[in-house]
Every structure is written in structure tokens, then in C-alpha cells.
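> What follows is each chain in one-letter form.
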Amino acid sequence: MYVAVKGGETAILNASALLAQARRGDPAVAEIDTAQIAGQLRLGVARVMAEGSLYDEELAALALKQAAGDQVEAIFLLRAYRTTLPRFGYTVPLDTARMAVRRRISATFKELPGGQVLGPTYDYTQRLLDFSLLAEGGAPDAVPGVEPLPDTLPRGTDLLGEEGLIEPELPLPGDPAPTDLSREPLGFPADRATRLQNLARGDEGFLLAMGYSTQRGYSHTHPFAGEIRMGEVALEVVPEELGFAIGIGGITVTECQMVNQFAGSASTPPQFTRGYGLAFGEAERKTMAMALVDRALRCAELGEDAASPAQQAEFVLSHSDNVEAGGFVQHLKLPHYVDFQSELELVRRMRAEAAQPQAAEEQTA
Amino acid sequence: MTQDPNQAQRRHWLGVLAQAAPAELEAHLSRHALPALQWLRRPETGLMMVRGRAGGTGGQFNLGEVSVTRCAVQDDDGRLGVGYVRGRVARHAELVALFDLLLQDDRRRADLLPTVIAPLAERQRAARDVASAQAAATRVNFFTLARGD
Numbered sequence: 001m002y003v004a005v006k007g008g009e010t011a012i013l014n015a016s017a018l019l020a021q022a023r024r025g026d027p028a029v030a031e032i033d034t035a036q037i038a039g040q041l042r043l044g045v046a047r048v049m050a051e052g053s054l055y056d057e058e059l060a061a062l063a064l065k066q067a068a069g070d071q072v073e074a075i076f077l078l079r080a081y082r083t084t085l086p087r088f089g090y091t092v093p094l095d096t097a098r099m100a101v102r103r104r105i106s107a108t109f110k111e112l113p114g115g116q117v118l119g120p121t122y123d124y125t126q127r128l129l130d131f132s133l134l135a136e137g138g139a140p141d142a143v144p145g146v147e148p149l150p151d152t153l154p155r156g157t158d159l160l161g162e163e164g165l166i167e168p169e170l171p172l173p174g175d176p177a178p179t180d181l182s183r184e185p186l187g188f189p190a191d192r193a194t195r196l197q198n199l200a201r202g203d204e205g206f207l208l209a210m211g212y213s214t215q216r217g218y219s220h221t222h223p224f225a226g227e228i229r230m231g232e233v234a235l236e237v238v239p240e241e242l243g244f245a246i247g248i249g250g251i252t253v254t255e256c257q258m259v260n261q262f263a264g265s266a267s268t269p270p271q272f273t274r275g276y277g278l279a280f281g282e283a284e285r286k287t288m289a290m291a292l293v294d295r296a297l298r299c300a301e302l303g304e305d306a307a308s309p310a311q312q313a314e315f316v317l318s319h320s321d322n323v324e325a326g327g328f329v330q331h332l333k334l335p336h337y338v339d340f341q342s343e344l345e346l347v348r349r350m351r352a353e354a355a356q357p358q359a360a361e362e363q364t365a
Numbered sequence: 001m002t003q004d005p006n007q008a009q010r011r012h013w014l015g016v017l018a019q020a021a022p023a024e025l026e027a028h029l030s031r032h033a034l035p036a037l038q039w040l041r042r043p044e045t046g047l048m049m050v051r052g053r054a055g056g057t058g059g060q061f062n063l064g065e066v067s068v069t070r071c072a073v074q075d076d077d078g079r080l081g082v083g084y085v086r087g088r089v090a091r092h093a094e095l096v097a098l099f100d101l102l103l104q105d106d107r108r109r110a111d112l113l114p115t116v117i118a119p120l121a122e123r124q125r126a127a128r129d130v131a132s133a134q135a136a137a138t139r140v141n142f143f144t145l146a147r148g149d
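Order-wise, the sequence lines are chains F and X. Here our numbering is used: the first residue of the first sequence is 1, the next is one more, and so on. Here our numbering is used: the first residue of the second sequence is 1, the next is one more, and so on.
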């Protein structure tokens, strides 16, 4: 238990000044600005936005600068900031079929209608350190364009849907508003909407490990990357003054449709099932891991035993948030002097009690 | 109160204005005299929760929030201009609301649609096409190789 302490004001002020000095680094080296961070460290910014659960490149870049590149700290800063702003409402659900696609691949359909579009990817690069980046190289040559992609690209999973080979993904009856974890605490059993919100802002490392565990045999879901797409989607809202939907700008998102095997049940013929990942920004690894975990967590609905960690919603959802986890782990470094004092006295008493019978035995001997 | 002009048309111009750079709008606005007006809602920044759908088409879920700035302005004829933009740039929301107000005036609309909205829409389309054309340049056709015996 943490008990409040007093004192140390000067030390704290000096520590804060020292932190600012350490953050700035060598004053002879140019200071980094948030536009550089947003433009040149965009994947770091994307992760802060996704797990900070707030899409705002400039604020995420500022958080990264303030946190000296510590992503979990930057995520914490963004989450703390969001609590200072009023909530205006909800957007119309994103239509990812109408995404302005910059990348779109499928590991299951070679002949994907609309084609496989690699986009700005590390895949197929050699992943050797590029020492030319040590020098300032100026702007790289622009990629020459060809005929633009169509405005709407069908989902790879639609191909299976046409034959009824994959479970349909339809709105729930009445298309109800989902529960909102930024408004209500996490409760169990958690429905899929709650799980997806939790996973969307969950720690990428944690989800990666959970997703990986399913591949290594802790729940067999036989995943295939049905389709991964990344690009810009329009944001639409219905202002109270207007009563109809208007566009307010676009955001970049990554979507992963995982296709999984399912043997069927008494009421359902064998068909493929789905796991879904969606996140702010370019976040391919995150959305793939999210889709694996989403599918594993659907075990009860699909009549599978929840025998593995990734299938246990209480375990996964309660430990996925790095703001909560970081807070609870790191609170251990705050002064616990009173608490520890009582533990110390307890251990001393137990040792004394343990030593007494021994001393009595020695006397009688 | 004024009649809403064609709702689809208003949706279109609000969407185009929201995606335009504030500097572009500022330049256009400087060429137009504003009527007497009052701000019903000064620009304020807040959050909207972005929703997605499971599998892209299924049940709704909350993905995360986005910063949004909004405002509302009224002229003496009772027309209401609204500005909703993603981000935290107060002036952007104001500019959208002012143009929305002007565009509801029949006489001004006939001028503003071809001189402001159409060129902005065209430029946005062109920017989208450039990005799409570059993405299309990375389109591949994978083929599987028959395994030799």
C-alpha cells in the first residue's frame, strides 16, 4: 500500500529540470520538431495514436517528443490529455470498403479482384541496415504513377462469402450502439464490441505475444491473412445542427481480415470463420495480432473449449492495456515505507518465533 | 428560416471544405464581403468516438477517439453556417462555417460553387489520384510455381 509522503520539493524540481535537459540532449545538435516526428517517424506516431486511443498526429508527435521516444509514456500522456476535452459524440461507422487504398494484400487469393498492392512496405526488402541514411540524402525520387486504383475495392473475404464458405458478418439486430470502454468499466462476459475496442487500444507487444501463442498451439485457429488493407477512410459525423451526415476529413487506418478454419457444428455446416483487426494509422503487425486474438476470444460463441490463455477473455482483456499495466507495475517504485516497515516487523517476529523452540531444545539437551 | 438548399449539395461542399487547407480557404474568403453575422457557437475542440464494424460489415464497435473542432454562425436572415473539421485548428472550423453560410445564399452560391468548391474538389481528387496511382505502381501478380519432380 502506498502512503503519502511529504518533502523533497527541491529535489523534485531539480529532477524535473534534469529531465528536460536530458530530453533536449546535446544543445549543439538541432532540436527535433513535432512536424519532423509526425512526418518521419510516422509508424511511432501511429502506435501512440492507436494505443492512446486518440487520432491526432500533432498531439501524438508532441507526446513522443515529451516522452523522449518512450512510446508507452507517450500513450499515457495522450490518454491523460483526452480526459480534458469534451465528447461531441460518435462518428458514422467507417466504411473500409471505400478506403483510398495505399496497400492491400491477400495471402489466400492469388487472383484478388483489383489486385495485390504492396504499397510502402518493408516486406521484400532485405532488412539490412541502410548506411546511406546516416548521411542527409535529400528527397528520394518520386514513384511514377500508373492508372489509379478504383475508388472501391471488394474485400477478399467477399469471394468466400459469395459461396457461403465463410460466416457472414452482418450488423446485429437493430444495429445497436456498442458499449464504450472510455465511458464504462470493463465487465465480463464481454461482448465482441467490447473486446474489439479493448484490443484496438491494447498494447501491441502483448497482443503480438498472445497472437503468437495461438500459432504455437495454444488454441488452434488455423489462420490465413485473407486480406490486409491500409489507406485513408472518410470520417462522417451527423452534427446536431444538421441531422444528416457530413465528411469532416479522413484518417489513415489498417484493417486485417483473418480467415480461420471451423469444422462446423450440429447447426452450422463447416465454413471459414473470421478474426478482425482494425487500428489507427499504419499498424499491420498490430492488426494482424488483434485479428488472431479476436478469433481466439470467439471460442465460446463457436463452441470451442477455452483452454488456452489467448481464449480467456478475463485474462486477455484485463492485461492488454499498457496504461493500466504500466501504472500498476510502476507504482511499486513510489515510497512504500510504512507498508514495508510492517512487513519487516512481521518477518522479524516470525524469525524470532522460529528461533525460540530451537533455543528451548538446545537448553534441554 | 431559410430553406436548406439541396442536402446532397450541402453535404458535398461541407466535405470539400473540411478537407481543404485553411490557407486555401482564407485566400478565397478574402475575395468575398461577409454579411452581418453572429457566432452561435465559437470554435471549440473536443472528441468524437470513431466507430468501426467487426469484419468491416458486422456489429459496431468503438475504435478510438479523434480530435474535432466545431462552430456555428448565423446571419441576419437566419441562415445557419456550421463548421466541423477533424483536428484542432479553430480557424479551419470558422472558415468552413463562413463558407457554409455564404453558400446558402442563392446568389452567392452560383458564384462560389464554380470558383471555390469545384477547384478545391478537383485538387483533392487529383491528390487522391496521385497517391492511388503510386500505390497502383506497386501492384503485383503473384504466381505459384508448380513443384518439379
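Because the hints were derived from the structure by calculation, they are not lab data. Treat the hints loosely; a few may be bogus.
Claimed, not checked - Computed list of lysine to any residue pairs in SDA-like fashion (alpha-carbon distance at most 20 Å, straight line):
1) F/K65 / F/R42
2) F/K110 / X/A136
3) F/K110 / X/V140
4) F/K110 / X/A137
5) F/K110 / F/Q21
6) F/K333 / F/L41
7) F/K110 / X/Q74
8) F/K110 / F/E163
9) F/K65 / F/Q21
10) F/K110 / F/T121
11) F/K333 / F/K65
12) F/K333 / F/E9
13) F/K110 / X/T138
14) F/K65 / F/K110
15) F/K65 / F/L41
This structure is a prediction, so every number in the text was calculated from the model and none was measured.
> Give a verdict on every hint.
Going down the list of hints, with the structure as the test:
1. F/K65 / F/R42: Holds, at roughly 13 Å.
2. F/K110 / X/A136: Roughly 17 Å separates the two Cα atoms, so the pair holds.
3. F/K110 / X/V140: Answer holds: F/K110 to X/V140 is near 10 Å, not above 20 Å.
4. F/K110 / X/A137: Since the Cα atoms of F/K110 and X/A137 sit roughly 18 Å apart, the hinted pair holds (cutoff 20 Å).
5. F/K110 / F/Q21: Status violated; Cα separation ~54 Å.
6. F/K333 / F/L41: violated, 31 Å
7. F/K110 / X/Q74: violated, 56 Å
8. F/K110 / F/E163: holds, 17 Å
9. F/K65 / F/Q21: With a Cα-Cα distance of about 13 Å, the restraint between F/K65 and F/Q21 holds, given a limit of 20 Å.
10. F/K110 / F/T121: holds, 18 Å
11. F/K333 / F/K65: violated, 24 Å
12. F/K333 / F/E9: holds, 18 Å
13. F/K110 / X/T138: holds, 15 Å
14. F/K65 / F/K110: violated, 42 Å
15. F/K65 / F/L41: Holds, at about 11 Å.
Consistency with the previously given hints fails for numbers 5, 6, 7, 11, 14, ordered from lowest to highest.
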